[in-house]
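Letter by letter, the sequence shown follows residues 1 to 438 in our numbering.
Hints in this document: simulated from the structure, not taken from any laboratory.
The C-beta atom is built at its ideal place from N, Cα and C for all residues, glycine as well.
Errors might be hidden in some of the hints.
[Unchecked claim] Label-pair restraints from in silico Cβ distances:
no.	residue 1	residue 2	range
1	Arg235	Ser302	42 to 48 Å
2	Ala134	Gly193	26 to 32 Å
3	Arg381	Gly193	45 to 51 Å
4	Glu329	Pro38	19 to 25 Å
5	Ser117	Pro38	33 to 39 Å
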Amino acid sequence: MGARWVLHLDMDAFFAAAEQLTRPTLRDRPVLVGGLGPRAVVAGASYQARVFGARSAMPMGQARRLCPHAVVLPARFGLYQTLSERVMGVLGAAAPVVEPVSLDEAFLEPPSLAGASAAEVEEFGAKLRANVRAATGLPASVGAGSGKQLAKIASELAKPDGLRIVAPDEEQAVLAPLPVRALWGVGPVAEAGLRKLGVHTIGELAAMDLREATGLLGTAVGTELHRLARGVDERPVAPRGAAKQVSAETTFDADLTAMTDVHEAVARMTEAAHRRLVASGRAARTVTVKVRSADFTTASRSETAGTASTDLGALTAVAQRLARAAVPEGGVRLIGVSLAGLGDDPPPALFEPLREEEVLVAEPVAEPARAEEPAVSRPWRPGDDASHPEHGHGWVQGAGHGRVTVRFETRSTGPGRAHTFASDDPDLTRADPLASLA
Numbered sequence: 001m002g003a004r005w006v007l008h009l010d011m012d013a014f015f016a017a018a019e020q021l022t023r024p025t026l027r028d029r030p031v032l033v034g035g036l037g038p039r040a041v042v043a044g045a046s047y048q049a050r051v052f053g054a055r056s057a058m059p060m061g062q063a064r065r066l067c068p069h070a071v072v073l074p075a076r077f078g079l080y081q082t083l084s085e086r087v088m089g090v091l092g093a094a095a096p097v098v099e100p101v102s103l104d105e106a107f108l109e110p111p112s113l114a115g116a117s118a119a120e121v122e123e124f125g126a127k128l129r130a131n132v133r134a135a136t137g138l139p140a141s142v143g144a145g146s147g148k149q150l151a152k153i154a155s156e157l158a159k160p161d162g163l164r165i166v167a168p169d170e171e172q173a174v175l176a177p178l179p180v181r182a183l184w185g186v187g188p189v190a191e192a193g194l195r196k197l198g199v200h201t202i203g204e205l206a207a208m209d210l211r212e213a214t215g216l217l218g219t220a221v222g223t224e225l226h227r228l229a230r231g232v233d234e235r236p237v238a239p240r241g242a243a244k245q246v247s248a249e250t251t252f253d254a255d256l257t258a259m260t261d262v263h264e265a266v267a268r269m270t271e272a273a274h275r276r277l278v279a280s281g282r283a284a285r286t287v288t289v290k291v292r293s294a295d296f297t298t299a300s301r302s303e304t305a306g307t308a309s310t311d312l313g314a315l316t317a318v319a320q321r322l323a324r325a326a327v328p329e330g331g332v333r334l335i336g337v338s339l340a341g342l343g344d345d346p347p348p349a350l351f352e353p354l355r356e357e358e359v360l361v362a363e364p365v366a367e368p369a370r371a372e373e374p375a376v377s378r379p380w381r382p383g384d385d386a387s388h389p390e391h392g393h394g395w396v397q398g399a400g401h402g403r404v405t406v407r408f409e410t411r412s413t414g415p416g417r418a419h420t421f422a423s424d425d426p427d428l429t430r431a432d433p434l435a436s437l438a
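Kindly generate the complete structure, drawing on both the sequences and the hints.
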């Protein structure tokens, strides 16, 4: 049997790159994707922002201090999902089995590359990257090696917007100088233990006696990491199993102190989870609500029905009832809703919905409850998609004091012009983010 070749494709700074693609004015500027609240984190950072130390999963406040001139935009997950589907479509055409890791990365092992030379794999990888760019307009990095570990490392070495093939005769030269944290399964605890033994690199781990490695890391983990350090990786590329649950959660900028606010938040989280449920073509039997208090105490409640359903109203009613039982004394910091017990071919309904008077009780979570404010439409915020009958599709650059500034541009227009309107201008309407792909 010839050489095995596994490829790993990773979209470069995916969320930020999608924003720069559809908003051409931002293409050479630092961009941070995420929330603006005091507890917000960075969901994505462009390479122009990474130069200053900003990165994904960093608190947004810290990222903005590092890169104060960055443009901060809210995430548009519907846009990212659409682009991801296009990427996976290209990969699916290149190989019969694709293993997605996330929206922006996946493994594949094309049968046509079994026993191929490094030059042939390089040609295949170059074509794959070109096809992804043609389908999405976005750059991707591709790595290839004899297993998933090497392919993943190779794609990291290829970034940004590159291609790296690790041939069998150079595997050890590539792996040996890398830090042990580059290996799957090596977290802070394992890294600290290895460091105490003077092991800092993958090459040093590979040189360890197997008994020493298993004595420190355990038989199963130690054996697996020792093999990976030596370039031995026989794990198959396989499609991911169907998700066992779909969920959504949010951490609030200010703790919720009234039950009506909790009910509204639960409804939003249930709706977000429900969208994923419907997109998967399945239904749910179990509803679980997680509530975290201001002092970080977490409580959860679940309810399971005999049959599965996709009825949003019924699922929301159950989630709100569970939330009332889970809410602690004091404010609510986080709420999450998950739908589980998933099944296919759903019947129309299951849970017995609550009566309206049971759902909309304005019961305080903690005394004294704040006065309820009248509902108002959400004001324009930077990053919102907007549409105007004369100027077309655009996005909000700034808003406040009764005015809103919109830059009208899409992927195909090039940098567009900005116009300022009254916030309540009837000609300015909210738009579908997918229109920015036009």
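Here is what the structure says about each hint:
no. : hint                         : result
1   : Arg235 to Ser302: 42 to 48 Å : violated, 34 Å
2   : Ala134 to Gly193: 26 to 32 Å : violated, 47 Å
3   : Arg381 to Gly193: 45 to 51 Å : holds, 47 Å
4   : Glu329 to Pro38: 19 to 25 Å  : holds, 23 Å
5   : Ser117 to Pro38: 33 to 39 Å  : violated, 55 Å
Consistency note: the structure conflicts with the earlier hints numbered 1, 2, 5.
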